[in-house]
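What follows is each chain in one-letter form.
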Amino acid sequence: MRLQVLGTGCAKCKALTANVQAAVTTLGLAAEVEKVEDIPSIMKFGVINTPAFVIDGKVAFAGRVANSTEIEHLLREAT
Amino acid sequence: MSATGARHISRWTGAWTWALGLLGLVAWQQAYAQLLAIAHWLTTSALRLKAGTRLASAVEFFLYEAPKVLMLLVLVVFGVGVLRTFFTPERTRQILAGKRESTGNVLAAALGIVTPFCSCSAVPLFIGFLKSGVPLGVTFSFLIAAPMVNEVALVLLYGLFGVQVAMIYVSSGLTVAVCAGWVIGRLKMERHVESWVYEVEVGDAPEEHPSWADRLTAGRRAVPEIVGKVWMYVIAGIAVGAGIHGYVPTGLMARYLGAHEWWSVPVAVLIGVPMYSNAAGIVPIVQALLGKGAALGSALAFMMSVIALSLPEIVILRRVLRPRLIGVFVGVVAVGVTAVGYLFNAILPATGGR
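Just so you know, the protein sequences line up as chains A and B, in that order.
Residues 1413 to 1491 (this note's numbering) make up the first sequence, in order.
Residues 1194 to 1547 (this note's numbering) make up the second sequence, in order.
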């Protein structure tokens, strides 16, 4: 499973990355969390409102910081 | 079977959410109506301050205004949080794509109020707008209005300075955003956007279809997120207001930022442009300026220049804009804000507020 957090490196992006990490740990998933900070790469996903969360190349949500419970839910649905 | 079960559950929780929401609203209204009485009781009975003294009136002012503004803020931030699930940046971009100038500028400024916007996503947003065919000037109208005119600024100005100041701020802020964007569009500065912007590949925007429960959750989450960030500024602003309550201004500010000095507005703008703050952070300072006798126009011009323009934002935008366009952007907005200052110093020369 490939997880990516899209964001230009602001406080919200960091908060989202931390929540994703927490969810991955709770679920015991063997997944790397990758941060995408490069703007052209972010735009390839069609995301104009950061931060965004991408599961296996698909944008799960954009423009908000979801809490780890919601991310756990999204990860369970994706597996 | 499990699908229908899930739908039943969500309909039930939906009904519960509405019922609780309605109950909350009634409780909110009841508490709000009692605030003045509670503040009076706390001041005269609980704290045993003698009614009519300057201290008592300052304490009562604070005990009434602080919960009042915070309660208003909670309600409005919740409402706007729900509203914003209808106006995502993706949808705003669709609405604005291919719109002509003028209409487009007005629409962009108006959408700037309700579309969620964080200055850290200014660059992706800018590229996304341009690439999907939103004219450059219309994009600027959005970028100027979005941070400047928002629900937090509106509630704070209404709560601290009254409905007149809030309305003046919103209408003149929107006017500046519309006019500045229109001027930038007329100047045909498209080639002063960094060329890599036009080469970026933009993928298909994902579309979310939130349910009503999702929208209400978004509103509920917005409250701690936004109020948690701005409450200390609100308290500071009201404390400053309480400190100068009933105090006749004769200070330095009246001399330097009063309506009679022609240079007070440009000086306020020059100081404000490099400064960085959100709408909440600047309100205590505006409160102090007005309390010390600054003219309303000068104070508003200061507030707008702080929020609309700042050094960090210019640094961020430099990645997509060439220096000429940055210069024009800063210049046009600064001129617009200065014009607002002069206008309100001329029609409302007395200190604003109540």
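The set of hints was computed from the structure by calculation and includes no laboratory data.
Fair warning: there could be bad hints in the mix.
[To be verified] Short derived list, chain B residues pointing at chain A, Cβ under 7 Å:
| id | residue |
| --- | --- |
| 1 | 1282 |
| 2 | 1313 |
| 3 | 1314 |
| 4 | 1317 |
| 5 | 1321 |
| 6 | 1383 |
| 7 | 1386 |
| 8 | 1390 |
| 9 | 1393 |
| 10 | 1394 |
| 11 | 1395 |
| 12 | 1464 |
| 13 | 1524 |
Keep in mind it's a predicted model, so treat the numbers as computed, not measured.
C-beta atoms are modelled at their ideal positions from N, C-alpha and C, and glycine is treated no differently.
List in ascending order the numbers of the hints, as given earlier, that are violated by the structure. 6, 7, 8, 12 and 13
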